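Here is how the chains run, residue by residue.
Protein chains: 2
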Amino acid sequence: MTHPLMQRRARLMGPNVPTFYADPVHIVRGDGVWLWDADGRRYLDGYNNVPHVGHCHPRVVEAIARQAATLNTHTRYLHDTVLDYIERLTATMGHGLSQAIMVCTGSEANDVALRMAQAVTGATGIIATDNTYHGNTTAVSALSTRRPPIGGYPGHVRLVPAPDSLSPLGGSAEGQARAFADHIARAIVELDEAGHGLAGVMLCPFFANEGFPTLPKGFLDPAAQVIRDAGGLILADEVQPGFGRLGSAFWGHEVLGFAPDVVTLGKPMANGHPVGAVVTRPDIMAAFRGAFGYFNTFGGNPVSAAAALATLDVIQDEGLQENARVVGAYALERMGALTHPLLAQVRGQGLFFGAEFVMDDGTPASDFVATLAEGMRARGVLVNRIGRAMNTLKIRPPMPFSRENADLMMDTLALVLAETKVPR
Amino acid sequence: MTHPLMQRRARLMGPNVPTFYADPVHIVRGDGVWLWDADGRRYLDGYNNVPHVGHCHPRVVEAIARQAATLNTHTRYLHDTVLDYIERLTATMGHGLSQAIMVCTGSEANDVALRMAQAVTGATGIIATDNTYHGNTTAVSALSTRRPPIGGYPGHVRLVPAPDSLSPLGGSAEGQARAFADHIARAIVELDEAGHGLAGVMLCPFFANEGFPTLPKGFLDPAAQVIRDAGGLILADEVQPGFGRLGSAFWGHEVLGFAPDVVTLGKPMANGHPVGAVVTRPDIMAAFRGAFGYFNTFGGNPVSAAAALATLDVIQDEGLQENARVVGAYALERMGALTHPLLAQVRGQGLFFGAEFVMDDGTPASDFVATLAEGMRARGVLVNRIGRAMNTLKIRPPMPFSRENADLMMDTLALVLAETKVPR
Numbered sequence: 001m002t003h004p005l006m007q008r009r010a011r012l013m014g015p016n017v018p019t020f021y022a023d024p025v026h027i028v029r030g031d032g033v034w035l036w037d038a039d040g041r042r043y044l045d046g047y048n049n050v051p052h053v054g055h056c057h058p059r060v061v062e063a064i065a066r067q068a069a070t071l072n073t074h075t076r077y078l079h080d081t082v083l084d085y086i087e088r089l090t091a092t093m094g095h096g097l098s099q100a101i102m103v104c105t106g107s108e109a110n111d112v113a114l115r116m117a118q119a120v121t122g123a124t125g126i127i128a129t130d131n132t133y134h135g136n137t138t139a140v141s142a143l144s145t146r147r148p149p150i151g152g153y154p155g156h157v158r159l160v161p162a163p164d165s166l167s168p169l170g171g172s173a174e175g176q177a178r179a180f181a182d183h184i185a186r187a188i189v190e191l192d193e194a195g196h197g198l199a200g201v202m203l204c205p206f207f208a209n210e211g212f213p214t215l216p217k218g219f220l221d222p223a224a225q226v227i228r229d230a231g232g233l234i235l236a237d238e239v240q241p242g243f244g245r246l247g248s249a250f251w252g253h254e255v256l257g258f259a260p261d262v263v264t265l266g267k268p269m270a271n272g273h274p275v276g277a278v279v280t281r282p283d284i285m286a287a288f289r290g291a292f293g294y295f296n297t298f299g300g301n302p303v304s305a306a307a308a309l310a311t312l313d314v315i316q317d318e319g320l321q322e323n324a325r326v327v328g329a330y331a332l333e334r335m336g337a338l339t340h341p342l343l344a345q346v347r348g349q350g351l352f353f354g355a356e357f358v359m360d361d362g363t364p365a366s367d368f369v370a371t372l373a374e375g376m377r378a379r380g381v382l383v384n385r386i387g388r389a390m391n392t393l394k395i396r397p398p399m400p401f402s403r404e405n406a407d408l409m410m411d412t413l414a415l416v417l418a419e420t421k422v423p424r
Numbered sequence: 425m426t427h428p429l430m431q432r433r434a435r436l437m438g439p440n441v442p443t444f445y446a447d448p449v450h451i452v453r454g455d456g457v458w459l460w461d462a463d464g465r466r467y468l469d470g471y472n473n474v475p476h477v478g479h480c481h482p483r484v485v486e487a488i489a490r491q492a493a494t495l496n497t498h499t500r501y502l503h504d505t506v507l508d509y510i511e512r513l514t515a516t517m518g519h520g521l522s523q524a525i526m527v528c529t530g531s532e533a534n535d536v537a538l539r540m541a542q543a544v545t546g547a548t549g550i551i552a553t554d555n556t557y558h559g560n561t562t563a564v565s566a567l568s569t570r571r572p573p574i575g576g577y578p579g580h581v582r583l584v585p586a587p588d589s590l591s592p593l594g595g596s597a598e599g600q601a602r603a604f605a606d607h608i609a610r611a612i613v614e615l616d617e618a619g620h621g622l623a624g625v626m627l628c629p630f631f632a633n634e635g636f637p638t639l640p641k642g643f644l645d646p647a648a649q650v651i652r653d654a655g656g657l658i659l660a661d662e663v664q665p666g667f668g669r670l671g672s673a674f675w676g677h678e679v680l681g682f683a684p685d686v687v688t689l690g691k692p693m694a695n696g697h698p699v700g701a702v703v704t705r706p707d708i709m710a711a712f713r714g715a716f717g718y719f720n721t722f723g724g725n726p727v728s729a730a731a732a733l734a735t736l737d738v739i740q741d742e743g744l745q746e747n748a749r750v751v752g753a754y755a756l757e758r759m760g761a762l763t764h765p766l767l768a769q770v771r772g773q774g775l776f777f778g779a780e781f782v783m784d785d786g787t788p789a790s791d792f793v794a795t796l797a798e799g800m801r802a803r804g805v806l807v808n809r810i811g812r813a814m815n816t817l818k819i820r821p822p823m824p825f826s827r828e829n830a831d832l833m834m835d836t837l838a839l840v841l842a843e844t845k846v847p848r
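Going line by line, the protein sequences match chains A and B. Once you know that position 63 of the first sequence is 63 in our numbering, the rest is easy, because the numbers rise by one and skip nothing. Every number in our numbering is 424 more than the matching position in the second sequence, counting from 1.
A couple of the hints might just be wrong.
[To be verified] Sample of chain B residues lacking proximity to chain A, with all beta carbon distances greater than 10 angstroms (derived):
hint: 1; residue: His-450
hint: 2; residue: Asp-554
hint: 3; residue: Pro-640
hint: 4; residue: Val-679
hint: 5; residue: Asn-747
hint: 6; residue: Leu-767
hint: 7; residue: Val-770
[Said to hold, decoys possible] One side only, chain B facing chain A, incomplete, derived with CB under 10 angstroms:
hint: 8; residue: Arg-433
hint: 9; residue: Asp-535
hint: 10; residue: Leu-590
hint: 11; residue: Ala-838
No lab work stands behind these hints, which were simulated from the structure alone. Given the structure is predicted, the values throughout are model-derived calculations rather than measurements. Glycine included, each C-beta is placed from N, C-alpha and C at the ideal position.
Pulled out of the complex, with its shape left as it was, chain A reads as follows (with noise of 0.2 angstroms):
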């Protein structure tokens, strides 16, 4: 509690707020990739997916402005906008995805997406990876809990080991896709044999909370084999992996190759307004829609839509996928030429990337990680970590990071590196 906002926070907000830091960042001012705290000091964003399109991109926030000063409605009424995204969201998606419903963050997203399956399927059995986060109501929040909810862990929900690169699932590279698909298997088993069924599987395209593992394209053919011949839906959750983010693709499943169910989208999509949004099939959409009544008031309101419109145009007007696989590459391969004797592996793909780092003995390198992050945050780079120990740096820039900001960022890792004492 060093910050006097601490201690403000704390009063207002309650306990066990989380934030990033020992000692939390200040921040008052964004512009592009960088961030400046009240005194004045400039940080270099290395970690912020939301303003995708860049802090404060003044088309987004001109797109906002006008909207609110012009409408805000709901959906009740008619309204283009709303309608416009919609058919140009769904246009760079194939396999069927032409129907969207508009809703405000990702967890509200994924809490539909797990309806969509319920109402295709009848069934209600859901499987997750035992390392994620698909986001916080209370059905959602089911998937990705370390704690045992109120009433108890709910019997319908299953957690198959996620995938890893460092230690594959089945010993190798090859044995990893088998064996993720045959724990995906076992577990449809038990959700059949306690009568829940099969509804669908929800998976991050890049496993990006599991620490996001180097995986071969067609990782998921078997388990989506295994999931199809159940009669489920496979649910992906692109809200970190989506919009161009991964350099090669413009979605993840692209990356991964594969063809899902239902696609869910939050936080980048209108890079910082709360929207968020569930694509799928009209097959899908219809199921829905006769089995659950659902109005999102704010979901698609003019604002929001003009917003995620206006991130979708300077995404693709600034050519910020090819910059996210340009810098990607160049990042991660000035990232692959450091060398410190607990980095264990260099991975990622477009702005998505970062290092795993582990003990002479085996063991995970997470505090060495953690003091890492503090050391990169005092010499004014925001970056964090992530994966099963926290043992892994995370980087994930807004996309219009630059070659530029990738050699200050790599150079001050290095220099970081350098300077962080390596524990025995």
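Please build the complex by placing chain B on the supplied structure of chain A, with the hints as guidance.
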């Protein structure tokens, strides 16, 4: 499907997406209490509570535009505005309600409130009325669904008969409070017997979706005693009655005269920007923060906080609560002077009022009220209907609604009543 946008909606949003009116309105512009459609036709908005301080209020628009151009991050970094807002918001409440979690929608707020009650009590049973709506997440939609969810109705939810001022539960206005408490007491016994126990009771202090029956101050006292004796929490959903709408008090629970443990907020909070909140006492907040990990990326971001703060400023600076009291009383008086063979009761408070219509044989005049709402729309005034049988005209305009607006509305209603065929 008369309007060409309806076909485009069906193609992009799927079937059964709710709209208002047989021929939905294509609104393109809003200002204060006025809306304009694509043909330039002007409508008096007598229905929308989301644009609480008036459509496109310049101070709210300016706050959004300014903050969006300066910084939009999240509460893992420190920022003043979210704290300024929570301080101002909680200053309007008593009963020790001094802490808040900012979220994006009323649905998210209620979803959190349910878990607060679980955290405090260790139980999961929730009671609501049998004709209500508390939001669209999986967890809260279980309180208001009219269709069995996939997997069946959840066992931890009990719905009790809603109060009604035309046909009061206990046969008289006096008996109704006791009867409502008795129904809750029975539901608590059922929840105990089923092993769920009582977490809490969620209700709108104005019983807005129940048709806003006229209830005496103190109506909830017997029920509140029953709930407290059983160790449950009272979760007050103030999404509709809050922020001064009822005129005589800033919050619905003050009007009814009870002390809620948790207050949830949504729609009108930031004049259309997606913002909601859960306000509670420190002991309840600590229990929730101890039992559940919770973080909401967009919740309390600087732009949302600025929008909410500007909205609260305008409510207070423009005296909108007092306006609701004075204009609401005037409108209700004018409505009470209307005569019509089917008009059974005129009721409401502040800028939330309406009239219930009943057929000669005592059955609800649901179709008649639907025709009335369509007739009002045809004459340029937007209103709607509510209640168990949807036979109550529901009027809930933006808060700057003036005496002149009320005159126009009541003159139009008199005209529409006169020209609408009385069904036999």
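Outcome of the hint check:
1. Distance to chain A contradicts His-450(B) as a non-interface residue, since its nearest Cβ pair spans about 4 angstroms, not more than 10 angstroms.
2. With a closest Cβ-Cβ approach of about 16 angstroms to chain A, Asp-554(B) is found to remain outside the 10 angstroms limit, as its non-interface label requires.
3. For Pro-640(B), the requirement that its beta carbon stay farther than 10 angstroms from each beta carbon of chain A is met, with the minimum near 31 angstroms.
4. With a minimum CB-CB distance of about 23 angstroms to chain A, Val-679(B) clears the 10 angstroms threshold, and the non-interface call stands.
5. The Cβ of Asn-747(B) sits about 21 angstroms from the closest Cβ of chain A, beyond the 10 angstroms cut-off, so the non-interface label holds.
6. Against the 10 angstroms criterion, Leu-767(B) stays outside the reach of chain A, whose nearest CB is about 26 angstroms from its own CB.
7. Distance check for Val-770(B) against chain A: the nearest CB is about 26 angstroms away, which clears 10 angstroms, and the non-interface claim stands.
8. With a least beta-carbon distance of about 6 angstroms to chain A, the hint placing Arg-433(B) at the interface is held under the 10 angstroms criterion.
9. The interface hint given for Asp-535(B) holds, since its Cβ lies 5 angstroms from the closest Cβ of chain A, which is under the 10 angstroms cut-off.
10. Using the Cβ-Cβ criterion of 10 angstroms, the hint placing Leu-590(B) at the interface with chain A is not satisfied: the shortest such distance is roughly 26 angstroms.
11. Contact between Ala-838(B) and chain A, as hinted, is not supported at the beta carbon level, the nearest pair being about 26 angstroms apart and thus beyond 10 angstroms.
Hints 1, 10, 11 from the earlier list are contradicted by this structure; the remaining hints agree with it.
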